[in-house]
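Enquirer: Modelling step: build the complete structure from the supplied sequences, incorporating the hints.
Going down the list, the sequences are from chains A and B. Letter 559 of the first sequence, counting from 1, is numbered 559 in full-length UniProt numbering, and no numbers are missing. Letter 198 of the second sequence, counting from 1, is numbered 198 in full-length UniProt numbering, and no numbers are missing.
Worth flagging that the hints you see were computed from the coordinates, not collected in a lab. Heads up, some of the hints might be wrong.
Quick list of the computed label-pair ranges, beta carbon to beta carbon [said to hold, decoys possible]:
1) B:21 x A:765: 46 to 54 Å
2) A:464 x B:30: 34 to 42 Å
3) B:83 x A:4: 23 to 31 Å
4) A:736 x B:168: 36 to 44 Å
5) A:405 x B:86: 36 to 44 Å
Covered by chain A, according to a simulated footprint, are these stretches of chain B (three or more residues, beta-carbon under 8 Å) [stated by the list, open to error]:
6) 120 to 134
7) 212 to 225
Note that beta-carbon positions come from the ideal geometry of N, C-alpha and C, so glycine has one too.
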Amino acid sequence: MAAAPALLPLAWRWLIRERRHGELSLIFIATLLAAAVAALTGRFTSHINHNLLAQGVELLGADLILDTPSPPPAAWLERAAGEGLQVSPGVEFASVVVHGERVQLASIKAAADNYPLRGRIEIADTVRGDPRPAPGMPGPDEVWVEARLFDLLDLAIGDPIQLGQKQFSIGAALAFEPSRGGDFFNLSPHILMHRDALPATELIQPGSRAHYRTGFAGEASALEAFKVWLEPELRDNHKLIDIHSGRPAMGRALGRIEQYLHLGSASALLLAGIAIAVAARRHADRHIPASALLRTYGVDSRRIVMLFLLQLLILGLLASPAGALLGWLGGQALLQLIDPAGAPPLFTLLDHNLLIALLTGLVTLLGFGLAPILAIRSVPALLVLRRLPTPLSPSRWLAYFSAGGALLLLMWYQTGSPVLVIRFALGALALVLIAAALFQGLLLVLRRVRSRRIWWRFGVANLWRRRRFATAQGIAFGLIFMCFALLIAVRQELFDQWNNQLPPQTPNHFAINIQPQQAEPFAAALQRLDIDYDAVYPLVRGRLIELNGEPIRQAISKEADDHNALRRELNLTWSEAVPYGNEVLSGHWWEGTPQRNDVISVESQLAEQLGIEIGDRLGFLIGGDTFDAEVVNLRSVEWESFRPNFYIVFPPGRLEEYPATYMTSFHLPDERRRLLPELLREFPSVTLLDVDYVLAEARRLFDQGSRAITAILVLILASGAVLMVATVVASAGQRLQQNALLRALGTGSRQLRQAQFAEFLSLGFLAGLLAWTGTERQIRPVQPGVRTALPAQSHSAGRHPGHYHAHPGHHRRLVHPQDPDPIAHVAAARKSGLTPPAGIPGAFD
Amino acid sequence: MKAQASEEFTATIRAEGLDKEVTTPKGALSILSDIGLQINRGEAVAVVGASGSGKSTLLGLLAGLDLPTRGRIWLDGHEITALDEDGRARHRAGRVGFVFQSFHLLDAMSALENVMVPLELLQLPDAEARAADWLRRVGLQDRLDHTPAQLSGGEQQRVAIARAFAVEPGILFADEPTGNLDSRTGAQVADLLFELNASHDTTLVLVTHDPALADRCQRRLTLDAGRLV
Numbered sequence: 001m002a003a004a005p006a007l008l009p010l011a012w013r014w015l016i017r018e019r020r021h022g023e024l025s026l027i028f029i030a031t032l033l034a035a036a037v038a039a040l041t042g043r044f045t046s047h048i049n050h051n052l053l054a055q056g057v058e059l060l061g062a063d064l065i066l067d068t069p070s071p072p073p074a075a076w077l078e079r080a081a082g083e084g085l086q087v088s089p090g091v092e093f094a095s096v097v098v099h100g101e102r103v104q105l106a107s108i109k110a111a112a113d114n115y116p117l118r119g120r121i122e123i124a125d126t127v128r129g130d131p132r133p134a135p136g137m138p139g140p141d142e143v144w145v146e147a148r149l150f151d152l153l154d155l156a157i158g159d160p161i162q163l164g165q166k167q168f169s170i171g172a173a174l175a176f177e178p179s180r181g182g183d184f185f186n187l188s189p190h191i192l193m194h195r196d197a198l199p200a201t202e203l204i205q206p207g208s209r210a211h212y213r214t215g216f217a218g219e220a221s222a223l224e225a226f227k228v229w230l231e232p233e234l235r236d237n238h239k240l241i242d243i244h245s246g247r248p249a250m251g252r253a254l255g256r257i258e259q260y261l262h263l264g265s266a267s268a269l270l271l272a273g274i275a276i277a278v279a280a281r282r283h284a285d286r287h288i289p290a291s292a293l294l295r296t297y298g299v300d301s302r303r304i305v306m307l308f309l310l311q312l313l314i315l316g317l318l319a320s321p322a323g324a325l326l327g328w329l330g331g332q333a334l335l336q337l338i339d340p341a342g343a344p345p346l347f348t349l350l351d352h353n354l355l356i357a358l359l360t361g362l363v364t365l366l367g368f369g370l371a372p373i374l375a376i377r378s379v380p381a382l383l384v385l386r387r388l389p390t391p392l393s394p395s396r397w398l399a400y401f402s403a404g405g406a407l408l409l410l411m412w413y414q415t416g417s418p419v420l421v422i423r424f425a426l427g428a429l430a431l432v433l434i435a436a437a438l439f440q441g442l443l444l445v446l447r448r449v450r451s452r453r454i455w456w457r458f459g460v461a462n463l464w465r466r467r468r469f470a471t472a473q474g475i476a477f478g479l480i481f482m483c484f485a486l487l488i489a490v491r492q493e494l495f496d497q498w499n500n501q502l503p504p505q506t507p508n509h510f511a512i513n514i515q516p517q518q519a520e521p522f523a524a525a526l527q528r529l530d531i532d533y534d535a536v537y538p539l540v541r542g543r544l545i546e547l548n549g550e551p552i553r554q555a556i557s558k559e560a561d562d563h564n565a566l567r568r569e570l571n572l573t574w575s576e577a578v579p580y581g582n583e584v585l586s587g588h589w590w591e592g593t594p595q596r597n598d599v600i601s602v603e604s605q606l607a608e609q610l611g612i613e614i615g616d617r618l619g620f621l622i623g624g625d626t627f628d629a630e631v632v633n634l635r636s637v638e639w640e641s642f643r644p645n646f647y648i649v650f651p652p653g654r655l656e657e658y659p660a661t662y663m664t665s666f667h668l669p670d671e672r673r674r675l676l677p678e679l680l681r682e683f684p685s686v687t688l689l690d691v692d693y694v695l696a697e698a699r700r701l702f703d704q705g706s707r708a709i710t711a712i713l714v715l716i717l718a719s720g721a722v723l724m725v726a727t728v729v730a731s732a733g734q735r736l737q738q739n740a741l742l743r744a745l746g747t748g749s750r751q752l753r754q755a756q757f758a759e760f761l762s763l764g765f766l767a768g769l770l771a772w773t774g775t776e777r778q779i780r781p782v783q784p785g786v787r788t789a790l791p792a793q794s795h796s797a798g799r800h801p802g803h804y805h806a807h808p809g810h811h812r813r814l815v816h817p818q819d820p821d822p823i824a825h826v827a828a829a830r831k832s833g834l835t836p837p838a839g840i841p842g843a844f845d
Numbered sequence: 001m002k003a004q005a006s007e008e009f010t011a012t013i014r015a016e017g018l019d020k021e022v023t024t025p026k027g028a029l030s031i032l033s034d035i036g037l038q039i040n041r042g043e044a045v046a047v048v049g050a051s052g053s054g055k056s057t058l059l060g061l062l063a064g065l066d067l068p069t070r071g072r073i074w075l076d077g078h079e080i081t082a083l084d085e086d087g088r089a090r091h092r093a094g095r096v097g098f099v100f101q102s103f104h105l106l107d108a109m110s111a112l113e114n115v116m117v118p119l120e121l122l123q124l125p126d127a128e129a130r131a132a133d134w135l136r137r138v139g140l141q142d143r144l145d146h147t148p149a150q151l152s153g154g155e156q157q158r159v160a161i162a163r164a165f166a167v168e169p170g171i172l173f174a175d176e177p178t179g180n181l182d183s184r185t186g187a188q189v190a191d192l193l194f195e196l197n198a199s200h201d202t203t204l205v206l207v208t209h210d211p212a213l214a215d216r217c218q219r220r221l222t223l224d225a226g227r228l229v
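Expert: This is how it looks when you write it as structure tokens:
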């Protein structure tokens with residue numbers, strides 16, 4: 001490297017002098033695109049993750065919640081304040097509320113002035129009216145009440161209600177409030193009041209059952225320091241909750257967008273990389289005589305390589321930051337367009353993703369450009385005296401491997417999924433080999449097609465003469481077509497999947513806490529009201545304790561040990577038929593077969609993660625009873641379907657002896673919401689959850705995702721175009737020379753044009769044929785690949801330290817379908833739906 | 001012994017028992033056979049012979065651009081046949097200059113930059129001023145910023161001569177330096193080459209099949225079917 005500074009002026013001058021040569025521009029543009037693609041992907045995935053976290057925090061109402069059965073020690077709060085954290089004390093409890101003659105159990109939250117520390121409260125001036133941000137907290141004589149309570153108690157805004165010893169007036173309808181705690185299976189309508197008014201109610205006495213929920217917010221480092229200090233102090237009945245304690249199942253759907261973006265950007269990087277390789281090869285080829293000349297001056301191979309590498313590096317250092325910035329700004333502009341309110345300010349976003357994009361550009365450039373440049377090393381000095389065939393140096397192949405390695409490393413960094421990367425690499429390698437053989441075969445066939453037209457014979461002969469290059473060119477073209485076709489197909493599949501998941505009739509209400517004797521009347525009422533509903537499922541709470549007679553935690557792998565399904569009670573159900581939207585992947589469903597009641601159906605991903613196979617016996621603890629059952633089938637579940645979903649399903653006849661409640665979900669269009677009070681009056685103990693907000697949020701995010709995907713497709717197209725130009729430019733010199741010779745021999749320009757047309761037509765036809773074959777072959781393996789690889793792998797959500805540094809490893813939970821609750825991903829997330837049960841673990845326990 | 005030491009002292013180039021064979025599909029083909037020669041400092045030697053007699057191959061071997069199949073070559077007292085390609089390149093640095101039939105200028109660069117390149121690579125001071133001075137000496141002071149495409153063949157070869165002499169080499173190898181030029185321009189270029197050669201006391205090895213050009217050298221080495229005659 002000592003020679004580098006001395007060579008720099010020459011390298012720079014040479015580069016400037018040659019700037020108009022096509023291949024340098026191509027290298028520049030391809031590097032720029034590589035960096036832009038990485039920046040755009042980083043920008044979008046950051047945004048998606050930022051949204052996930054922001055929504056999660058918003059639902060939590062704070063960065064961190066401490067849940068204690070009694071007021072937390074003052075020393076803890078002082079410690080938090082000492083760390084510079086904001087503290088918001090609050091208490092939640094259940095109590096009856098009285099209005100005239102009517103009484104209803106309600107869930108009451110008494111919070112301080114600064115509540116919530118994150119997110120906001122929304123109120124409406126009429127029941128189910130347009131929500132608006134609340135100006136603060138209710139006054140000392142006022143409460144804000146959830147719409148359901150208006151229905152249950154026949155209330156109106158301004159009406160008085162009695163809470164304990166104090167009477168309050170209803171100031172507003174509570175439309176949204178973060179941090180809903182409590183048990184959702186005993187969910188009661190919510191009331192928000194000021195903490196200062198609490199003593200007057202005399203509802204909280206020593207020994208009263210209440211959750212003291214203290215919220216904390218502040219810098220990530222201060223929060224982490226406080227958590228580290230606090231955790232050893234906590235007792236069993238203390239809970240510390242942060243965003244990562246939740247399990248946003250919607251994250252999985254967003255994970256698919258993210259994974260698609262990464263796959264798309266990998267394809268674009270690959271195309272840009274190949275364009276760089278082709279252009280760098282042309283650059284190197286053009287400099288073979290110059291390299292031989294430099295040798296006659298006494299320059300050794302090391303310095304010659306250094307000279308050309310410096311040029312490459314200068315190009316990279318110009319193109320990469322420019323591309324990173326362009327991609328970043330483009331991404332920002334697109335986000336502003338899609339989501340003006342949600343797009344964060346530009347300058348807070350100049351984070352590590354920009355650096356990653358810059359490095360991606362440089363790694364792509366050096367990875368792919370290094371090979372041809374290194375080959376210059378083997379140019380013999382003797383070339384100045386005579387034309388020699390220039391042999392392909394083995395170092396070139398070595399460097400191609402390094403290029404591939406660099407690309408795979410980038411992909412691995414981006415997708416966080418080695419399996420996906422290996423599949424992509426093996427697929428690409430196999431594809432290139434098959435395509436090369438196929439292309440040569442097709443070319444041979446084309447050559448044998450007899451034509452009396454000289455220009456056709458000439459064009460095809462041209463291809464045949466340069467068949468090695470033509471094959472590479474054909475594969476490159478084919479690859480471009482195929483990448484594009486494949487990504488469009490997968491994009492369509494993703495969109496279809498989303499639309500299937502969230503069709504207009506997607507359930508927007510859950511009914512839970514249906515008592516056994518109410519199950520049939522409730523279903524009948526829904527039918528009577530012509531409400532489209534799912535089956536009514538029984539729920540029995542039980543714990544999974546054994547696998548094949550061995551305690552479950554000993555029987556499974558260490559990684560699976562912290563699986564949510566093992567840390568809490570599961571909702572077990574029974575059903576004669578396969579639950580709606582589920583698909584039996586292996587084994588047989590019991591419907592219509594002689595009944596055994598010691599069998600179960602297990603959700604396939606849970607089975608995979610815990611290593612459960614058909615024929616295994618799982619042990620359960622329900623109430624005080626233990627029993628086991630044999631796994632007879634594995635079943636896929638669409639967790640984002642907004643329908644009751646279950647890890648474990650029994651056949652009828654086994655769980656009936658245990659206490660159960662029932663649940664269902666149904667779709668109720670806006671104009672029929674007036675039916676809700678009627679339903680609630682008939683079934684006052686049933687809890688109805690409105691998840692329209694969740695649906696709206698999901699649709700909004702999918703819309704954002706689809707636009708991001710379109711943007712990536714455009715960049716892939718641009719990379720493909722650069723690659724096409726690169727391959728054409730690479731053969732331009734030779735073609736020009738040949739045409740000049742032919743012209744000198746008397747060939748007319750019309751014939752030359754026709755010959756070129758024939759050449760490119762054949763090339764395009766063969767490449768198209770390759771792409772079509774490849775797409776047809778790949779489309780099936782790739783689509784399930786996208787589908788299955790996503791949830792099973794930890795993906796790049798955790799690869800963005802800007803959001804996750806403070807919580808290494810937590811990203812797994814953000815995307816994992818470890819959701820033991822049938823409606824966990826939607827139930828409480830009344831607004832955004834990104835975080836189930838308001839980020840509160842055990843909300844269903 | 002004494003005579004040999006004296007020879008080595010005065011001989012800039014010495015070759016012993018040089019054979020060069022290339023492999024063809026029909027077996028080994030001998031290009032040069034049993035060549036022995038000695039060229040003294042400041043001497044101008046013409047290598048002549050019919051096309052295909054091995055003139056350029058011999059020039060390439062003597063300059064260290066290629067290795068013989070057998071035999072040894074000393075350049076400036078060092079045995080270059082014992083060195084690898086990079087070693088031979090390093091040994092040439094600053095010692096050897098070349099003028100080629102097809103000029104071999106860098107297309108993208110100006111005349112001035114073409115002359116500067118070897119100076120910069122040798123990290124010689126004042127590269128630009130020296131290059132401009134050499135272009136003035138070959139009569140191209142008005143063509144400094146012209147690229148090869150903007151220069152005539154004779155002008156291009158003059159740039160190549162300026163480039164070759166700019167590093168002030170002890171030995172100059174010229175391969176058909178007038179071969180691509182018309183006779184008048186060729187004569188002008190030859191005049192320039194011999195003039196500079198004389199004034200700088202450079203050892204000149206000139207490959208040509210132009211008898212007039214060969215006559216201007218002090219000595220003539222004639223090759224016939226790969227052998228010195």
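Enquirer: Now tell me if each hint is right for this structure.
Expert: Evaluation of the provided hints:
{"no.": "1", "hint": "B:21 x A:765: 46 to 54 Å", "in the structure": "holds (48 Å)"}
{"no.": "2", "hint": "A:464 x B:30: 34 to 42 Å", "in the structure": "holds (36 Å)"}
{"no.": "3", "hint": "B:83 x A:4: 23 to 31 Å", "in the structure": "holds (25 Å)"}
{"no.": "4", "hint": "A:736 x B:168: 36 to 44 Å", "in the structure": "holds (40 Å)"}
{"no.": "5", "hint": "A:405 x B:86: 36 to 44 Å", "in the structure": "violated (28 Å)"}
{"no.": "6", "hint": "120 to 134", "in the structure": "holds (count 4)"}
{"no.": "7", "hint": "212 to 225", "in the structure": "violated (count 0)"}
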